[in-house]
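2 protein chains.
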Amino acid sequence: MISQTTEYALRAVVYLAQHPSESWTTRQIAAATRVPAGYLSKVLQGLSRSGLINSQRGRHGGFQLTHDPENLTVLEVVNAVEPIRRIKMCPLKLGSHGEGLCPLHKCLDETIALVENSFQNTKVSQLLGRPDTPEPLCEFPYGNQFKGDQPIEPTQGET
Amino acid sequence: MISQTTEYALRAVVYLAQHPSESWTTRQIAAATRVPAGYLSKVLQGLSRSGLINSQRGRHGGFQLTHDPENLTVLEVVNAVEPIRRIKMCPLKLGSHGEGLCPLHKCLDETIALVENSFQNTKVSQLLGRPDTPEPLCEFPYGNQFKGDQPIEPTQGET
Chain A
1 MISQTTEYAL RAVVYLAQHP SESWTTRQIA AATRVPAGYL SKVLQGLSRS GLINSQRGRH
61 GGFQLTHDPE NLTVLEVVNA VEPIRRIKMC PLKLGSHGEG LCPLHKCLDE TIALVENSFQ
121 NTKVSQLLGR PDTPEPLCEF PYGNQFKGDQ PIEPTQGET
Chain B
1 MISQTTEYAL RAVVYLAQHP SESWTTRQIA AATRVPAGYL SKVLQGLSRS GLINSQRGRH
61 GGFQLTHDPE NLTVLEVVNA VEPIRRIKMC PLKLGSHGEG LCPLHKCLDE TIALVENSFQ
121 NTKVSQLLGR PDTPEPLCEF PYGNQFKGDQ PIEPTQGET
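Protein chains in written order, with our numbering: chain A, 1 to 159; chain B, 1 to 159.
Some hints could be false.
Pairs count within a copy or across copies, as identical chains cannot be separated in the list.
Stated by the list, open to error - Computed list of lysine-lysine pairs in DSSO-like fashion (alpha-carbon distance at most 30 Å, straight line):
(1) K42 / K106
(2) K42 / K123
(3) K123 / K88
(4) K88 / K42
(5) K123 / K106
FYI, nobody ran anything at the bench for these hints, they're computed from the structure.
With the rest of the complex left out, here is chain A (with noise of 0.2 Å):
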């Protein structure tokens, strides 16, 4: 119900939220989120295409979030690699239902519009950590990130 892509983009997100002085590569945040490479490489270009973060090149290039936690939403997140689309017309293309949905698509669109709601009312910062639930991606904290048994750097000068 929600997608690998867009739980993958908020997996990037959330680790860019709690490491926010560092540009982080593909790879590193690849380690960190176990998310394969690959994949998130588009994630990353959807995130980086809707201005959520940004890249830069060279030596100390990486990845950046460019908005605050405290301002940015989860729907945005969500909405920047895979839109939520809500019923607006009948799918069906029934003349007779006009702009008006039928009790079946109405239900639907209802079901979609709690979830927009939900993460239009979630801050990212919210997600970063709560009193009564272990930290995200706890086990790759600042600092102490391994891919195998090398220790991953900040900036290693590739995106």
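Keeping the supplied structure of chain A fixed, place chain B upon it in accordance with the hints.
Positioned in the frame of chain A, the structure of chain B alone reads:
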């Protein structure tokens, strides 16, 4: 967010609930619900395996709903073809999370729960008509099904 398969299954169930006194072939349901017959055939197999519809062979064979729409929830239809999966464990398989979810996956699970509850609390009978909405599949009322210029009669002896 709501898959094509799920939506097609609901269209088919609504159609069968609207026309309970007859059996309907795949071809008839496909024409009425405007779903490609090959795709619909697989959807109907899923509904049949879950016992929500049954099929009878022979001249007057076809599909019928096995449940009273007053007692059948939208969730039962959805779960018959593409079960809603709650997030019960960390998708990153982080051992340190144990049975707890981090705020990211807790947020996603809570959103999935909203959808699950919404579908659980809606009966198929509620999809058949509301005073303020057009009837579902309303260009194909009982006794007025057409495929091209040919009226489609119920129970063509095929499923």
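Let me make sure I understand: some of the numbered hints might not hold for this structure. Which ones are they, in numerical order?
none
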